[in-house]
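J.: Protein chains in written order, with our numbering: chain A, 1 to 281; chain B, 1001 to 1295.
Calculated directly from the structure, the hints in this document are not laboratory data.
For glycine and all other residues, C-beta sits at the position ideal for the given N, C-alpha and C.
Among the clues, some could well be false.
To be verified - FRET-style restraints, in silico, Cβ to Cβ:
hint, chain 1, residue 1, chain 2, residue 2, range
1, A, 228, B, 1020, 39 to 49 Å
2, A, 185, B, 1239, 50 to 60 Å
3, A, 258, B, 1004, 55 to 65 Å
4, B, 1283, A, 18, 48 to 58 Å
5, B, 1163, A, 174, 40 to 50 Å
6, A, 111, B, 1078, 41 to 51 Å
7, A, 119, B, 1287, 15 to 25 Å
8, B, 1196, A, 28, 45 to 55 Å
9, B, 1093, A, 171, 25 to 35 Å
10, B, 1089, A, 182, 45 to 55 Å
11, B, 1074, A, 258, 36 to 46 Å
12, A, 170, B, 1184, 51 to 61 Å
Take a look at the letters that make up each chain.
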Amino acid sequence: MGIKRFISFFLLGILGLIVWIPILMIVLGSFLGKGEIIECFGGIFLDETKLAVWHVIPQYPTLWPYVNLLLDSPEFFVMFWNSCKQVFPSIFGQLLIALPAAWSFSRFEFRGKKLLFYLYIVLMIMPFQVTMVSSYLVLERLNLLDRHVAIIIPNLFATFPVFILVKFFRAIPMELIEAAQIDGASEGLIFRKIGLPNASAGIISVVTLGFIEYWNALEQPLTFLKSKSLWPLSLYLPEMSVSNLSVSFVASVIMLIPACLIFLFGQQYLEEGIVASGLKQ
Amino acid sequence: MKQYKKEISKRKRKEERRAYLFLMPSLLGVGVFVLLPFLDAIYRSMKDTMGKNFVGIKNYSTVIQNEAFLLAGKNTGRFLLVCIPLLLVTSLALSVVIYGQKKYQGFFKTTFLIPMAIPVAAVVLLWKIIFHKNGLINAFLTLTGNKSILWMNSGYAFGVLVFSYIWKNMGYNMVLWLAGLSGISGTLYEAASLDGAKRYQKFRYITFPLLLPSVFMISVLSLVNSFKVFREAYLIAGNYPDKSIYMIQHLFNNWFVNLEISKMCAAAVLFVIIIMGFVGMIHKITSKGDQEGGY
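With the rest of the complex left out, here is chain B (with noise of 0.2 Å):
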């Protein structure tokens, strides 16, 4: 007995040597370029500008009080909070319809796919012609008697990059949604139709609850996303846009130009910081719609 128990326990340490030298590459690289530069500047956001004297948390409350700072914490709070629920429900909306659509799926897949693929620079080139004060949009509002808007240069902007990230991102959630509508089994829908369901009552007690555990992931994965649209951003209006598009990739691009690093390392702590909450509220929101479920 305390033979086979040895012989387990070496087993067990040679699969785990084995574990670590397959991991070994990427834990090291990881670590030296990823990890210990943000240990340091975790330890950099406590010191002064020069690096020299030890400053305790006032580097945080500069930050926190910074107005540049607050704009762009509450641009980018509101761009994630309009942004990720109103995508997530448009491209369930869209799967939903793609799928019932048998014939032509393949064709509106690959159409919904391709914004994702389309280069950022071949897009911000389109925009621009569209969305410019002297842009085709509003060459159709004078053309109609209408008034024109300067879509980049006022609070209209923000509305354009949440079409831009909407425009862009419905192919990849589609994607997400269908492999989760191809995973609910068909005779669950056809039971239901015995019992007499409605179309409704189908996508609310079938469809919808089998789809919740997909939903986090999903959710996860559009604000990992969400965070790219300062490239559309950036190109478009550069380092100072309007106002309601100034976001917290803004703020590090100016603080990065006037290498406030000091400043910098406090604010990427509490971006850390601010994500994870963010990626713990969804996670709450999902998991308690779960349990709602009964499934």
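The shape of chain A in the complex, shown without the other chains (with noise of 0.2 Å):
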């Protein structure tokens, strides 16, 4: 038994390394000069035709990259803020309208109930290709296109966290909201009072799933963003690798800060979301 189970442990520790290698390599290339990473990526990000060569650990290490980055690119600064204009709004705010409505579906039986949540579910499948050209002709109808509201507003009615809040208010004692009825509380108040706090976990997983999500956007910004100074980081730092090569793997690096932290604080929450995410009906 021992040894069987020496094998799993050295086989996950192999498949392990391929995660954490990369990130390893990334935090090891923040440390790179600029004339190191030349020497090591030139034929990559700049026109030479010499093979890539990768040290283990940077023969001349220097945090010039950092203060490079800090000092020197207002720009990195200005899209970072863009990154945060739109995804923190966008994750607020759909929690203010995903809540009541996963209120709703998990709380109540109404006509249309089951319909409805069937078309909830069908929108959380559609990929963002599907309602790409009818979001795109709406926002340019109401003249909202080109600005940081045309990312949030198409996120605020996503339906995956509803789909995801009900399971967890679905999981509230029936007895609990009973008991609060015969005290002659309202429903409103039921919702806030006993609905809200014990679905914190669901709250969290929400948060920390559609943060993962809307840190990364690149398609509703290549499309509904025409100026690049509006554009979030995920999508300006791919340009930047190829202009200012030194500093790509720093950027990269405060990039992996975040999802680090949601590591350190949130990780229950992000598998409980999951698990909810998986949870048929």
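From these two lone chains plus the hints, build me the complex, please.
T.: Written out as structure tokens, the structure is:
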């Protein structure tokens, strides 16, 4: 038994390297000076023909790229703020709208409930491209294109958070709600005092999953934002890697930080959210 | 009695009013920003480019005969048919192994979940370094006396994209499978052991049938996540990547640049039909397995 467990540990360890090595590469790469980066990857990002080299440990580790990014790349901060301005209102607004909707689906019986919920699931499955043209046309008509709200508004009405939150509301014991009803609490009060606190894990799940999704937004800004000055980091960073090579690793590290924070503080909720997304009905 | 019935229907109406009150913000938004625009898109898909004359299914036949659409459709279909089963099988195998690993389970769970949170932009930077024609793999191949391979400019690009998808989504599926596995009571395995069941038999007759009900949702979520692989494809290879990874998403993007609205509308409607067909197919396959399991 011990040997079997060791073999499985060994196999998992090897597979794990496929995850850890790339992360290590990004982090170590961020300490490469400009000269060393060009020496190593000139053949990839510049028009040189030499093959790439990887120095497992940078030969001349330096913090210059960090200084460079923090002091000399104002556009990086603009894009960082763009990302924040698009991501956080999206998630917050999404919760404001999805929470009562999920409450409604999990608490009440009403005509058309099944059909509507089915519709929400279908909308959740559809990729961006399906609604790309129609969203573009409606945003154009409302004169919202090429602004941050062009990204935020369609996100507000995503149905995925509703789908997840319904699972969490359903898990609230009926007795709790009935007791409050007997005490004469109004539905709004029950929602706020019993629904929300008991679904807090669900709320954090939605926030984490939403953050991962919107922090990597690509299709929406590409379609709805014409001015590059409004672009989020996710769209801007890959362009930067050609023009400002030495900073690109550092920028990747900075983009990685929020993701790491998620794992430090919210992995449990992330997992709960994923599990909820997998529950049928 | 009559009074009683009246009271019930009154209460019912009250409940309905409340339900719709809570649902209203979401429903209104979905209606105004998603449903009505999509109905408009269906309408536009039957009009000419200027949006003036009604042309019936002409746009649809143009789209269906369009070479780029056929290529993109074929590639997307191939990608889904390769990726989803591959991801389901590999992530299930991984989960079973991790499930048996009690002591370091948390560490490995974190390990395989991390890729889903690594920003696409960072992933793309790495993939470029690794898979570029002057990249690390080719450097290694040359060093060991092999010929280098054009990873991103040949059929191999498809493989790179499949790898990228599996790498990224392994963790999501692992969490789903683990939830399924932890729902299976240990006494079933003990009973099977007493009957002298082998490891494989336990998997075949206990684990597998009891996991089947979750397969449908896991497949659907894998489908949802598979469309996101476009991000990597686009950021590595741009609007016109190698022919083998030219996906439906590229096509929409390129038509959008030229603002071919009515063509895009028709393609969007077709895309919905295809996806629903896919989901239907997944449902059929998984529910068939359900009955075979006989539990």
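J.: Checked against the structure, which of the hints given earlier come out wrong?
T.: 4, 12
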